[in-house]
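Engineer: One letter stands for each residue in the lines below.
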Amino acid sequence: MSGVRSGTGKEPVAVVGIGQTRHVAARRDVSIAGLVREAAQRALEDAELRWADVDAVVIGKAPDFFEGVMMPELYLADALGAVGKPMLRVHTAGSVGGSTALVAANLVAGRVHGTVLTLAFEKQSESNAMWGLSLPIPFQQPLLAGAGGFFAPHVRAYMRRTGAPDTVGSLVAYKDRRNALKNPYAHLHEQDITLEKVQASPMLWDPIRYSETCPSSDGACAMVLTDRAGARRSPRPPAWMHGGAMRSEPTLFAGKDFVSPQAGKDCAADVYRQAGITDPRRDIDAVEMYVPFSWYEPMWLENLGFAAEGEGWKLTESGVTELDGDLPVNMSGGVLSTNPIGASGMIRFAEAALQVRGQAGEHQIDGARRALGHAYGGGSQFFSMWLVGAEPPTT
Amino acid sequence: MPSAKPSVMRPVRDIAVVAFGQTDHRRSTDELSEVEMLMPVLHQVLAATGLKTSDIGFTCSGSSDYLAGRAFSFTMALDGVGAWPPISESHVEMDGAWALYEAWTKLLTGDADTALVYSYGKSSPGSVRDVLTRQLDPYYVAPLWPDSVALAALQAQALIDAGDADEPALAGVAARSRQDASANSHAQLSGSVAQGVYVVRPLRTGDCPPVGDGAAAVILAAGERARELCERPAWIRGIDHRIEAHGLGVRDLTDSPSSRLAAQRAGAFERPVDTAELHAPFTSQEVVLRKALKLGADVVVNPSGGALAANPVMAAGLIRLGEAAARIHRGESDRALAHATSGPCLQQNLIAVLEGDA
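Each protein sequence line maps, in turn, to chains A and B.
Mapping of the first sequence onto the working numbering: position 305 corresponds to residue 305, and the numbering continues sequentially without gaps.
Mapping of the second sequence onto the working numbering: position 76 corresponds to residue 76, and the numbering continues sequentially without gaps.
Hints are computed from structural coordinates only; laboratory data are not their basis.
Backbone N, C-alpha and C fix where the C-beta goes; we use that ideal spot for every residue, glycine too.
Just so you know, nobody snuck in bad clues.
Computed list of lysine-lysine pairs in BS3-like fashion (alpha-carbon distance at most 30 Å, straight line):
| id | chain 1 | residue 1 | chain 2 | residue 2 |
| --- | --- | --- | --- | --- |
| 1 | A | Lys182 | A | Lys197 |
| 2 | A | Lys197 | A | Lys314 |
| 3 | A | Lys265 | B | Lys52 |
| 4 | B | Lys52 | A | Lys256 |
A few chain A residues facing chain B, derived, Cβ under 8 Å:
| id | residue |
| --- | --- |
| 5 | Ser31 |
| 6 | Pro63 |
| 7 | Asp64 |
| 8 | Met87 |
| 9 | Arg89 |
| 10 | Val103 |
| 11 | Asn106 |
| 12 | Ala245 |
| 13 | Pro250 |
| 14 | Thr251 |
| 15 | Phe253 |
| 16 | Asp266 |
One chain only, chain B, in its complex shape (with noise of 0.2 Å):
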C-alpha cells in the first residue's frame, strides 16, 4: 500500500441511495430460475419509488457465469429487467457492489440521473466453496484447488497467533449476528445457532456463513430527484475500493490496508459512523475489519445479521449497502459505513459512507 497519506475523493455531484430490495435468502432455490428470483426484487424498488423501467437512466448488474455455469448468464437477467425500449445499461462480473459503484461513476457524469443495480446468485447448484478456488492463481494455486473455508481459516489462524482474536470470540460474533438476524425476515439463518463441529480448524460450523440463494436491488437518484423519490435518502459522500496482492503468502493476513485506503478516500475517518455493515463471511473477517476500520465498541456493527446471516455470492456485498442505506430511510443512523469483499482473504473491499439529512 502506499505510504502518503490519501486525500479524501470528494465527489463532483450528491448521489444517494433511495430504495433497497432484496429476497428472502434461503439454501436452495431449484424451482427458480435467476430472472424469477431477481424479477420480484426490482419490482420492490421500482414500487418504492414509483419509477418505471423507462425512467431510469442506466442500470448496472454484477453476477458471475461461474456460479450459473453458464456463459453470458446476465443476458437471461435483462429479460427481467424489461430492456425495451434499449437501454442504457453495463454488467460487472463482480458482486453487485461495484456495480453500483459503476452507476454512481455514470451519475457523476452528469450523464444520467437515477440508475438501477441489481445483482444475484444462486450457489446452491453446485458446491461453492470448490467454484471458489477456480478464483486463485490458475498456475499455481488453483491446481491446488484450496477452498474458501480452507483459506478463511488460515486466515483465522494467523489472527489467533497474533492475539486478536480467540475461538470464544469468533463464537461470540457468530452469536451476536444471528441474534441480530432474528430481526430480518430476508435472514436464512438466525437465532440461537449452535457453534457446531470444525469445518477447517479453528473455524467451526458457526464461523462460516450459510450456502444459498438470493438477490438485492438499489435505485440510486442524485440531487433533487433523490429528495423526491425518497423521504430521507442515504447520501453517499464517499465511496472507493482498493484491491490487495493476490499472493496470500505476500499478505498480512490479520490486516485489512486495502479497507483502510478506501475508507480514507471515502472519508470515513473524518467524523465517527453510528453504524457499519461488514460483508464479513466469517466470523474472523469481523475481527479484521473492525481493526483496520477504527471502528469502537460504540458503532453498531451488521444490525441485520451481515454475511454470517446470509451470503448470497454476487449479492451479499450489495446488500450491505442497501442495510446501511435502509438504516438512513428508516431513521435508525445518521452515518453509516457500508463495506463489501470480493476475493480469497478480503483481497478487494470497497467502503462507501452514507449519510442521512439532519
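Isolated chain A, as found in the complex (with noise of 0.2 Å):
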C-alpha cells in the first residue's frame, strides 16, 4: 500500500443548537418516543436545521431496566429521525451522558459526519431507579440500597480526612436548589427553600440528608455538534469543544481512592492539556460538575484541580461557588435539582456550552468564555468531561 495516511489533524467541533425537556417526576403526557423528540426537536430549532440536515444520531441512557425497554435506540429510530442513518448507543453507566456527547464529537473530529444530532434521556417514573440501581445479590452486599448508600462512606471518608464542618453539604444543596429557581427546566423548583429547612431534613444514608440528594427525574437533553462549515451557518454562536475526554478505573481494588479516584484526576489532566489550561481555578470561567450528593461539589473541586487536597470545602463555605461567586458551580442547579440519570451528564455538557454562547438566561454567567462540563459514574470510575469556549480552538 502507498502513502500510508496518518490523519489530517482534527476537525473542530461546534455546539449550534442545544434542547431540553422541562424536566419532572413523571411525564405521564408522553411516551419515551415522545420525550427524546421533544428534546431534539428544540435542539434543531436551535440550530434552525432539520430533521434531514442530520447526519447521523448518537443517543444514551443508562441502564435499559430503568424503562423495561432492551436496546430502546432500535424503538427510538424512527421518533429521532434516523431512519436511513447511523445510530449509535452509548453506556458507560452515569457518566453517560458526557460519553455520547463525546463519541458524537468525535464523529465530527474525525470528518465522518459534518453535523450530528446526539441525545440522552432517562423516563425513571417507567421504574423504580433505586432499585434498579440495587443490583442483586451476589453482586452486591444486602441492604446497600440505592446509590445512596454506595456514596455515603465515601462521603464520610472526605469529611475525615479534611475535617470539613457537617454544614458543607447542606450549602451546596441550598445553592443549587436556589440556582434551579432561575431554570425553567429543572425539575425542583422549591420556591420556599431556606438554610434550616435543608438542614432539618431527614437523614437518608448518614451524612446524607433528603434535601442533598438528587431527585428522580424524566427528561432528555440533545444537541447539534457540527463542523466549521456548519458552525458558519449557524444562526446563534457556537460554543466550541477545546478538549474531551473519558477514563474509567475498576469498580474496588486495594488502593482505590474512592474519595478522590485518579481516573477523575487523569481525565482532567487530559482535557486541561487538549485546552491549554495551566490553571484550572483561574482560567474556567464556570463548572457544570456532577453532583448527585451535595458533598460531591467540595471533593470534585479538589478531583479536578479546582482547589488543593483538603482545600475544596473552604471554597463551598466561603461563597466561591455562588452564582456571584468566581467559580460558579452548577449555575443551573445540578443534579441536585434535576436528575433523569442517563441524560444528567449531558445536561452538564450542554449547560456549559449555553454559558459559552450567552444563552444560559437567567443563571448566565456574565463574560463566561470557558466552561467545563463533567460527568461521573458506576462507583466513582467512569469520567467523562469536556471544556467548551465561545471562541474556536486556535490549534
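Relying on the hints, combine the two individually framed chains into one complex.
Structural biologist: Here is the structure:
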C-alpha cells in the first residue's frame, strides 16, 4: 500500500443547537419516543436545522432496566429521524450523557460526518430507579439500597480526611436549589427553600440528608454538533469544543481512592492539556459538575484541580461556587435539582455550552468564555468531561 | 431510504484489524462469569500483538444488561481488562461490531493509535427468544411478546412468497454453513445437522442459530503501528452502519436497504469482494443479505459457518468482522466484506470492507 495516511488533524467541533425537556418527576403525557423527540426538536430549532440536515444520531442512557426496554434506540429510530442514518447507542453508567456527547463529537472530529444529533434521556417514572440501581445478591451485599448507600461512606471518608464542618453539604444543596429557581428546565423549584429547611430534612444515608440528594426525573437533553462549515451557518453563537476525554478504572481494588479517584484526575488533566488550561481555577469561568449528593461538590473541586487536596470545602463555604462567586458551580441547579440519570451528564455538557454561548438565561454568568462540563458514574470509576469555549480552538 | 446516490466515505486515516480472538462457543457456561469467559480472549489478542493493557490507546466494548440480567453488567468486565492505571474507555449497549466502529472513529481523530475492542454475551441463563422481545416497541408490540424466531419466520415467509427462496434453498444454506463450520474449532454447531421439525413455520430447527455463550476481542491499529503488530493487517477501507424503521409493517422484509446503503458508503461496490462474513442468524436472512449486497456466486460466504454455527448474542457481529480479518491475516482473502446486524429482522446493519496488502 502506498502513502499511509496518518491523519490530518482533528476537525473542530461546534455546538450549534441545544434542547431540553422541562424535567419533572413523571411525564405521563408523553411516551419515551415523545420525550426524546421533544428535546431533539428543540435542539434542531435552536440550530435552525431540519431533520434531513442531521447525518447521524448518537444516543445514550443508563441501564435499560430503568424503562424496561432492551436497547430502546431500535424503537426510537423513527422518533429521532434516524431511519436511513447511522445510530449509535452509548452506555457508560452515570457518565453516559457526557460520553455520548464525546462519541458524537468524534464523528465530527474524525471527519466521518458533518452534523450529528446527540441525545441522552431517562424516563425514570417507568420504573423505580433506586431499586434498579440496587444490584441483586451476589453482585452486591444486602442492605445497600440505591446509589446513596454506596456513596455515603465515601462522603464520610472525605469529611474525616479534611476535617470539613458538617454544614458544608447543606450549603451546596441550598445553593443548587436556589440556582434551579432561575432555570425553567430544572425539575425542583423549591420557592420557599431555606438553609434551615435543608439542615432539618430527614437523614437518609448518614451524612446525606434528603435535601442533599438528587431527585428522580423524567427528561431528555439533545445537542447538535457540527464542523466548521456547519458553525458558519449557525444562526446563534456556537460553543466550541476545546478538549474532551473519558477515563475509567475498576470498581473495587486495593488502593482505590474513592474520595478522589485517579481516573477523575487523569481525565481532567487530559482535557486541560488539550485546551491549554494551566490554572483551572483562573482559566475556567464556570463549571457544571455531576453532584448527585451535595458533598460531591467539594470532593470534585479537589479532584478536578480547582482546589488543593483538603481545601475544596473552603471554596464552597466561602461562597466561591455561588452564582456570583469567582468560580460558579452548577449554575443550572445541577444534578441536585434535576436527575434523569442517563441525561444528567449531557445536561452538564449542554449547560456548559449554553454559558459560553451566552444563552443560559437567568442563570447566565456574565462574560463566561470557558466552561467545564463533567460527569461520572459507576462506583466513582467512569469519568467524562469536556471544555467548551466561546472562541474556536486555535490549534 | 434516501434516493440520492450516496457517496463513498473515505477515512482520513488507515486503520486495520491486527488481531482477533474468540472463545469456543458453548450452549452454556454456568461455571464461568462473564469476566472469566472474556479473560482468555483478551489475553489471546494481547499475546498475538505483544501488547500490554497499558499500551492500548482506547478500549471499547459491547454488551447487554438484559442478557446479563443486571444493571451495569459491563463494569464487571472492566475488571478483566485491568483498567489500572485508569484507561480511556467506552461502552456501547450494542453488538461489539459497533464498539469496533466507535473505536475506529476514536483512532480517526488521532487521539489513539491502538484500540482494544471486545464483546460478550451469555444467552444461557434465560430464554433469549423471549428476552429479545423486550427490544420491541414497548407500547404496541412488546406486550404481545412476539419472539425472535416468530419474527424471523415472518421474514422467511415473505421471502418465499416473493419467490426469492423456498424451503430446500433455506435447508441448503443451513447445510453449507454447518459443513463449513467443521473447519472452525470455535463453532458450537457443525457437521451434519438435521433440519429437524418446524420451530415456527417455515423455519425449522436447522434454519435457526444455536443458542449459546461466547466472547470475542479485536485489536485495531493505525498506519505504521498496524504493520509493526501484524504481518498482514486487515485494512478497514470503509465502514458504515444504517438503521431502518422499527415497525415491521412499514418495511419490505425481503430487502435490506440499510445494508445496501452502508455497503455503498463503505465502498463495497467499487470492486468485488472475494469473501463475505454475514451476520445472518437465520438461513432466510442470508438470502436477503446476498441479494441486497449483490454478492455473486463466486463470493465465499461465511466460511466460518456464520451465526448458524455459533451465535453468542452481542458478540456474533464482532466475530464476523474478526473472521473476515483473520482470513486476510492468513492470506486466504484479499478483499472481504463483513456484516453485523441488530434488532428484529435485520433492522440495523453495519458493513465493513477489509483488504490486505497485495
